[in-house]
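Enquirer: Chain U is already provided as a structure; the job is to place chain G on it using the hints.
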Amino acid sequence: MKRIGILLFIFLPFIAVSQLLEGAIYGNEKNEKQPLPGVNIYWQGTNRGVASVDDGSFKIKKRSSDHILMISFVGYQTQELHIHDLNFLEIMLEPNLELGEVKVVHKNRGTYLSAIDPIQTERINGAELHKAACCNLAESFETNPSVDVSYSDAVTGAKQIRLLGLEGTYSLLQIENMPNLRGLATNFGLTYVPGPWMESIQVSKGAASVLNGYESIAGQINAEYKKPDAEEKLFLNTFVGASGRLEFNGNGNIRVYKDKLTTGIFVHASDQSRRNDENGNGFLDEPLSRQVQVFNRWKYNNHKGYMAQAGFSVLTEDRLGGQASFRKGMQPLISNPYGISIENDRMEGFFKTGYVWPNQRTALAWLSNFSRHETSSFYGLNRYDASETRFYGSAVLTRDLDLAGRHMLNTGFSFIYDKFDENLYQQKMNRKEQVPGIFAEYTLKPGPDFTFLAGIRTDFHNLFGTFVTPRMHLRYNMGEHVTIRASAGKGYRTANIISENNYLLANARPLQWSHDVFQEKAWNYGFALVQYYTLWGRELQLNTEYFRTDFQTQLVVDRETSTSNIILAPLDGQSYSNSLQFDLRYEPIERLDVLLAYRLNDVKQTIGGELLEKPLTSRYKGLITFNYTTNLKKWMFDYTIQFNGGGRIPRYPVEGLERISISGDNFEFSPYTVMNAQITKYFRYWNIYLGAENFTDFKQKNPVAGTDDPFGPDFDATNVWGPIMGRRIYLGLRFNLNYQ
Amino acid sequence: MILMLGGLTSEISAQKKGRAVVCFQSDMDCTNCEETLYEHLRFEKGVKDLKVDHASNTIRIEFVEKRNDEKSLAKAIGDKGFKADKITSEKYKELLGQVKEHGHEHDHEIHRERN
Chain U
-17 MKRIGILLFI FLPFIAVSQL LEGAIYGNEK NEKQPLPGVN IYWQGTNRGV ASVDDGSFKI
43 KKRSSDHILM ISFVGYQTQE LHIHDLNFLE IMLEPNLELG EVKVVHKNRG TYLSAIDPIQ
103 TERINGAELH KAACCNLAES FETNPSVDVS YSDAVTGAKQ IRLLGLEGTY SLLQIENMPN
163 LRGLATNFGL TYVPGPWMES IQVSKGAASV LNGYESIAGQ INAEYKKPDA EEKLFLNTFV
223 GASGRLEFNG NGNIRVYKDK LTTGIFVHAS DQSRRNDENG NGFLDEPLSR QVQVFNRWKY
283 NNHKGYMAQA GFSVLTEDRL GGQASFRKGM QPLISNPYGI SIENDRMEGF FKTGYVWPNQ
343 RTALAWLSNF SRHETSSFYG LNRYDASETR FYGSAVLTRD LDLAGRHMLN TGFSFIYDKF
403 DENLYQQKMN RKEQVPGIFA EYTLKPGPDF TFLAGIRTDF HNLFGTFVTP RMHLRYNMGE
463 HVTIRASAGK GYRTANIISE NNYLLANARP LQWSHDVFQE KAWNYGFALV QYYTLWGREL
523 QLNTEYFRTD FQTQLVVDRE TSTSNIILAP LDGQSYSNSL QFDLRYEPIE RLDVLLAYRL
583 NDVKQTIGGE LLEKPLTSRY KGLITFNYTT NLKKWMFDYT IQFNGGGRIP RYPVEGLERI
643 SISGDNFEFS PYTVMNAQIT KYFRYWNIYL GAENFTDFKQ KNPVAGTDDP FGPDFDATNV
703 WGPIMGRRIY LGLRFNLNYQ
Chain G
34 MILMLGGLTS EISAQKKGRA VVCFQSDMDC TNCEETLYEH LRFEKGVKDL KVDHASNTIR
94 IEFVEKRNDE KSLAKAIGDK GFKADKITSE KYKELLGQVK EHGHEHDHEI HRERN
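If you're matching them up, the sequences are chains U and G in order. When you line the first sequence up against our numbering, it's residues -17 to 722, in that order. When you line the second sequence up against our numbering, it's residues 34 to 148, in that order.
Mixed in with the good hints, there may be bad ones.
[What the hints assert, rightly or not] One-sided excerpt, in silico: chain G residues whose CB lies under 8 Å from chain U: (1) T64; (2) F76; (3) D82; (4) A88; (5) V132.
It is worth saying that the hints were derived from the structure and are not from the lab. Just so it is clear, CB atoms sit at the ideal spot from N, CA and C, and this is done for glycine as well.
Next comes chain U alone, as it looks inside the complex (with noise of 0.2 Å):
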């Protein structure tokens, strides 16, 4: 009854005079400013309410009857606010110190590009997780324009990823917030990410926070895995693909105390033990391997402020590559085929926690993790053992300086611990790097448009001494339309040299190197433009940006110079990359979702005394994705066009170049382009998916030169520069069953 009161007033045909409330909604996420989509805003008393979209933003009307503003969101507190006048609103909502569950709407963009946050970052959330098979993080990026991600080499499966044009080791990789997947992990851990586990992924370019340490020159991917206190309660797949790889991923949700004690278990097994040779070159394409991981985490929120998080995980994976005549068990011996032996444990751990002051103006965080890691490896004759011991640890206080939340200051202290022990022709490294930093950032945020963000911190580095990292991030909405964003910053890491290039030794020629342990500097500087339109009653987004790296000093792989060997040595001379890209995102109708985007490379080097484009670097990247789904989201169709340019392939000089002969392309690799398809069924419970990946069937010719005689002088699998295996098709299934 009360309720139809309410109706019958509302709709008694007064004319009132109604004016225009505007505001954003945030999420506290690990303190940083999280735009929050989809929260509910409705006068109280009323049922006239709006949701937040993308950006967070909202607008409402405000009646001179409306006083009490209601803003409700899962797993947030629910807000109430007492509304005098028309100003801009800016909501924080609390006291999750992290993004907690975000549910996906009905139809969502996979993926979109924020226009409040600082950053120029993609957000990549389950639906786009969805649109390819994304067994792993390696190949959750076949439909993103910005990450490119290849193979390293012909016969180890490792996969790396190219932000802006360079390796993924200039960017900064991420779980959950905390560096992860360095070091030993380098080469595999993109794999040692699950797809399925996997909540969403964030990809920053250019300078990050420097909160998350002095890293990430090129930029920043994090990513999350699902959180134990969100709606799912069990979560299973399979995957088979038809050249032998099976896989199987779950997990499961339990809540142990009502919603304040969860805990979630994740499992991951994956398989390949079918010899594949496509191109009869007597080579395996990718290794025979198996994988399985076990992961365990823990969230306490007492949903008055305070939250902790912990985890552990364990993983073995070995790989066995090389020959398609090498067997497990045979010796590194000339007299045996040739082969690749890689075995890997590691295990991992994270604690966090947080408070938020019952004021909501500070936060206090804590962020650690730790990792032990064991390889043990062999390439043809050459070993390569070793084991890491990492811990990071990081303290974050944030406070608002004034109560609009203007001003807003984040300081803290971080401490980093990496310890190598390696092996290789016999030569023992062994090496300790011990980094208590501190750090500073400061925000300023005067309206909704425009927002500063000024960062600095010192770190003192047992091996290289005391060093400065400044960082500056700024972001300007102009007009209604346009978003412009500028970004500066310096980025060091400590190049892992052999770890981080061990598939080099899938040659003949030795590595030589001059230091075990060497720090990279860059300077990074970004300018990004994103343009929202409405079109024919649909958003157009256009995305332009360029970024620009310039390396100090930098750890240079020659393999042009020498004809006994690959040299690892400081860079002498210049180094930068610039990357200019371009894309539009388009519903051009209703439920196609196409995004066309453009990226130009132009990496180079000095190697060797001479400025070079850097080897085994497409010079563009074309990308064109299509996302269908029926009415009620019953089906899914994806298809994805990559058009890769062509790049420079290094050779090394004189006699060598008469002995090897592969077919045409000797310095130069041609433009190639790969398509994807994928067509997913839902049903309320569990969904199909059959897809085929690379369907047009292109594979680079000889990937491993000297196959006749891979003890000879001539080896080498690390030429590559495009796909090696040819179509594949998959079929997957995945049931989910929530909670309610």
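Expert: Just chain G, lined up with the frame of chain U:
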């Protein structure tokens, strides 16, 4: 809001043969409930089109007459713990219209998110 707009336009367009439309008034309170119901109802037998809106607390279902009926659909809503009071199409339009009127200027923005 686009859900509502869409609802209105498909209301105008002629229904396909063998299809029936039923509208309900419910008691959802948040977008979360809206989603739960949407996810549940879209896989009910014979459902061909569906609008669930928490702002006006309305549900409109277009379904194949031979494969389902109003009673079962009302039960499906009830199973998820929500009210399902059948209303006429006119009442449905009226309820939507009220909310639409108040939220008119947001239409394209909501569309961005919910298309």
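Enquirer: Tell me, in ascending order, the numbers of any earlier hints that this structure violates.
Expert: Of the numbered hints given earlier, the structure breaks none, since each of them holds.
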